[in-house]
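Peer 1: Chains A and B, in that order, give the protein sequences. With the first letter of the first sequence counted as 1, position 342 gets the number 342 in the numbering used here; the numbers rise by one all the way through. With the first letter of the second sequence counted as 1, position 90 gets the number 90 in the numbering used here; the numbers rise by one all the way through.
Just so you know, the hints here were simulated from the structure itself, not pulled from any lab data. Note that the Cβ used here is the ideal one computed from N, Cα and C, for glycine as well. Some clues are possibly wrong.
[Said to hold, decoys possible] The following residues of chain B were derived to be distant from chain A, with all beta-carbon distances above 12 Å:
no.: 1; residue: PHE24
no.: 2; residue: LEU47
no.: 3; residue: ARG51
no.: 4; residue: ARG60
no.: 5; residue: ALA126
no.: 6; residue: GLY130
no.: 7; residue: GLU142
no.: 8; residue: THR144
no.: 9; residue: LEU148
no.: 10; residue: ALA150
no.: 11; residue: SER186
no.: 12; residue: ASP200
no.: 13; residue: LEU206
no.: 14; residue: ALA209
no.: 15; residue: ALA235
no.: 16; residue: CYS248
[What the hints assert, rightly or not] Here are the in silico distance ranges between beta carbons for each label pair:
no.: 17; chain 1: B; residue 1: TRP108; chain 2: A; residue 2: ASP36; range: 39 to 45 Å
no.: 18; chain 1: A; residue 1: ARG153; chain 2: B; residue 2: ALA242; range: 50 to 56 Å
no.: 19; chain 1: A; residue 1: SER90; chain 2: B; residue 2: SER268; range: 19 to 25 Å
no.: 20; chain 1: B; residue 1: PHE27; chain 2: A; residue 2: ARG153; range: 26 to 32 Å
no.: 21; chain 1: B; residue 1: HIS232; chain 2: A; residue 2: THR89; range: 54 to 60 Å
no.: 22; chain 1: B; residue 1: TYR270; chain 2: A; residue 2: ARG47; range: 17 to 23 Å
no.: 23; chain 1: B; residue 1: ALA250; chain 2: A; residue 2: SER90; range: 28 to 34 Å
no.: 24; chain 1: A; residue 1: GLN213; chain 2: B; residue 2: PHE29; range: 41 to 47 Å
no.: 25; chain 1: B; residue 1: ARG178; chain 2: A; residue 2: ARG142; range: 42 to 48 Å
no.: 26; chain 1: B; residue 1: LEU190; chain 2: A; residue 2: ASP36; range: 31 to 37 Å
no.: 27; chain 1: B; residue 1: ARG178; chain 2: A; residue 2: ASP200; range: 32 to 38 Å
no.: 28; chain 1: B; residue 1: TRP108; chain 2: A; residue 2: PHE46; range: 29 to 35 Å
no.: 29; chain 1: B; residue 1: ARG178; chain 2: A; residue 2: VAL318; range: 58 to 64 Å
no.: 30; chain 1: B; residue 1: MET1; chain 2: A; residue 2: GLN213; range: 34 to 40 Å
Here is how the chains run, residue by residue.
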Amino acid sequence: MHRSDRAGTPASGTVVECRSVCKTFRQRQPSERPRDVLRNLLHPRFRTIEALRGVSFTVNRGEVVAYAGPNGAGKSTTIKLLSGMLAPTSGSVRVLGMDPVADRTRYVGRIGVVFGQRTELWWDHPVAASYEWKRVVWDIPRERFDRMCGVARDILGVGESWNTLARELSLGQRMRADLGMAMLHEPEILFLDEPTLGLDVLAKRSMTRLVQQLSATGSVTVMVTSHDMNELEQLAGRVIFIESGNLAYDGDFASLRREFGDLRRLVLETDSATPPSLPGAELVGSQGMRHEYRLGGGGADVAALLRLAGEQCPVLDVETHRAPIDEVIAGIYEHWGRNRPAGTA
Amino acid sequence: MAARILRLWALYAYLDGMWIARDFRSFIFYYLADAVTAVASVAGVLLLAQRFDGIPPWTRDQVVFLLGFGMVARFVPDMLGNYNVLHISRRIGRGQLDHILVQPQPVWMALLTEGFAPFWGLLSLAPGVGLMVWAGQRMGLEATPPWLLAFALNLAGASAALTAYAALWGFAAFFQPRAAEEISGSAVDLMTDLKGFPLDALGPGLRTALVTVIPAGLMAWYPCRALLGLDHGIAALWATPAAAAALCCAACLTFRMGMKRYAQVGSSRYTSFGHRR
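In isolation and in its complexed conformation, chain A is listed as follows:
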């Protein structure tokens, strides 16, 4: 895939375009009762799973987009649709002006895909051999290959496992090697499906660093799915939330916090084990003379609450901090779970 192959691609504008995308699967529902064995064989029951229900969104060149949602929401299905592995049941998927399934051969030379739970590395070969394999199959010019191998070594630390068999790598080493390999042909779009699953802090940091570096150049578009919301907030300027196959939110993280409750915490240290009563602040717990409150929304008047607390007992120390994004998301999932129509997955 030479640079000249990309000549027709605009340097800016929409690169991913999903319009009313639906994807349904049939799922077998066998009965576990022995008397139903014959029925299971001859007239099995199925239920239709609507993995995606008319999802529409666009992504512009150079954006880093987090694609999030609870388990079974349709994240991996979307990544498979965008990678050309699956065709939508209805609706249209266009990436880089191409249909990922119909134009697969041409298309996949311009994207990179990393699945956290699987590897593209050759299991019984050193990482270096897998990289060489990729060079030949993707027809990567030598200069680009050497340069990108340097990036993989310097930023991802792949050099330490360069001559190690893939099956002997730790999970973190493997994921970094996989990400480095996905970058070798300098894809225009990178799809990362839970790339940090099971990784330790250091491995996560090196992956985050690479994506941030790519993002800074503005030339690579990244779509990343993960359950680690803190990591997504660090990486992406925009988040698309999918829930039960529906697009539930599309915007930035700051707006997400505003829309779904910018939960903040207030911690007071007083000279009493009895927590002060603060209307509008929910007591989360007390540890000795430290009392933690949850403040709802951005409109809480912290100064007024402190005055009120001071009237009840001396306040020795005060801390306020925003709730972790994970807590915001957990609140959203709970809200969705309560409001989900019966019968949906």
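Keeping the supplied structure of chain A fixed, place chain B upon it in accordance with the hints.
Peer 2: This is chain B only, laid out in the frame that chain A set:
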């Protein structure tokens, strides 16, 4: 396109060579185990032929030639597609076709090249060729250019028949990924286990079944009958390549159907175990 295929074969030959020669002990034991397997696969029929001075209407030397031919016909698919077409049900059933779909090349090209492992079955090739040469010399076989051409065609046909048959069964994994995960291997075993037997003594119905329903007879028996003059006529020389071509066409059509389905349903199961080495 041909240049790319050659380049990819060279790449996979390199990977195969590196795998075989990863360390001295593995290298020795690997070939030792293969040698034992190769000898075991022909020992039974060879001893029978020796004991009874042939299996009528085959002479002992003709049986040896047939065994050698079968070994080589088995080697070629092993060399070209051991980790792909020959065991395609494993790749489909384990959800590993996705690895091919993210490569910027047609699926057929990936399947044709990715399994290329020339060093892997070397010990099937060497004894097979040796048996044929030895038997050919004892029979006074004249390897004229037309005969060599017919030999090459029939060998290619026998190998293609095995590959297409294994693939045809293997594509069942598109529809039942778990139940059919190992079906290609079973189809290969079925063909391989029967390939070394002269089938002349069987009744016509069984003989026909063994060149159609289970075309094990196409792997060595039928082509060797034609090549060794047990079956006269030009049609006999073309029968194996023609049958193989028909099987290949059926396999290609089934594969297209399977791929259409795969694009709709994908794979709901993925196991990294057994992913290409």
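Peer 1: Run every hint past the structure and note whether it holds.
Peer 2: Taking the hints in turn, this is what the structure says about them:
1. PHE24: 16 Å, holds
2. LEU47: Answer for LEU47 of chain B: holds, closest chain A Cβ roughly 37 Å.
3. ARG51: Consistent with the label, ARG51 of chain B stays out of reach of chain A, its closest Cβ about 43 Å off (over 12 Å).
4. ARG60: 42 Å, holds
5. ALA126: 24 Å, holds
6. GLY130: GLY130 of chain B is indeed farther than 12 Å from all Cβ atoms of chain A, at 30 Å.
7. GLU142: 43 Å, holds
8. THR144: Its Cβ never comes within 12 Å of chain A, the nearest being 40 Å, so this holds.
9. LEU148: Since the minimum Cβ distance to chain A is about 34 Å, LEU148 of chain B lies beyond 12 Å and the statement holds.
10. ALA150: 36 Å, holds
11. SER186: 22 Å, holds
12. ASP200: Label holds. Min Cβ-Cβ 42 Å, cutoff 12 Å.
13. LEU206: 32 Å, holds
14. ALA209: 28 Å, holds
15. ALA235: For ALA235 of chain B, whose nearest Cβ neighbour in chain A is about 40 Å away, the distance exceeds 12 Å, so it holds.
16. CYS248: The claim stands: CYS248 of chain B keeps its Cβ more than 12 Å from every Cβ of chain A (closest is about 22 Å).
17. B:TRP108 - A:ASP36: 39 to 45 Å: 43 Å, holds
18. A:ARG153 - B:ALA242: 50 to 56 Å: This hint holds: roughly 54 Å between Cβ atoms.
19. A:SER90 - B:SER268: 19 to 25 Å: 20 Å, holds
20. B:PHE27 - A:ARG153: 26 to 32 Å: 30 Å, holds
21. B:HIS232 - A:THR89: 54 to 60 Å: The hinted range 54 to 60 Å holds for HIS232 of chain B and THR89 of chain A, with Cβ atoms some 58 Å apart.
22. B:TYR270 - A:ARG47: 17 to 23 Å: Roughly 22 Å apart at Cβ, these two residues keep to the hinted range, so it holds.
23. B:ALA250 - A:SER90: 28 to 34 Å: 32 Å Cβ-Cβ, so the 28 to 34 Å window holds.
24. A:GLN213 - B:PHE29: 41 to 47 Å: Holds: the Cβ-Cβ distance is about 46 Å, inside 41 to 47 Å.
25. B:ARG178 - A:ARG142: 42 to 48 Å: 43 Å, holds
26. B:LEU190 - A:ASP36: 31 to 37 Å: With a Cβ separation near 34 Å, LEU190 of chain B and ASP36 of chain A satisfy 31 to 37 Å, so the hint holds.
27. B:ARG178 - A:ASP200: 32 to 38 Å: 34 Å, holds
28. B:TRP108 - A:PHE46: 29 to 35 Å: 32 Å, holds
29. B:ARG178 - A:VAL318: 58 to 64 Å: About 59 Å separates the Cβ atoms of ARG178 of chain B and VAL318 of chain A, which means 58 to 64 Å holds.
30. B:MET1 - A:GLN213: 34 to 40 Å: For MET1 of chain B and GLN213 of chain A the Cβ distance comes to about 37 Å; the hint holds.
Checked against the numbered hints above, the structure breaks none of them.
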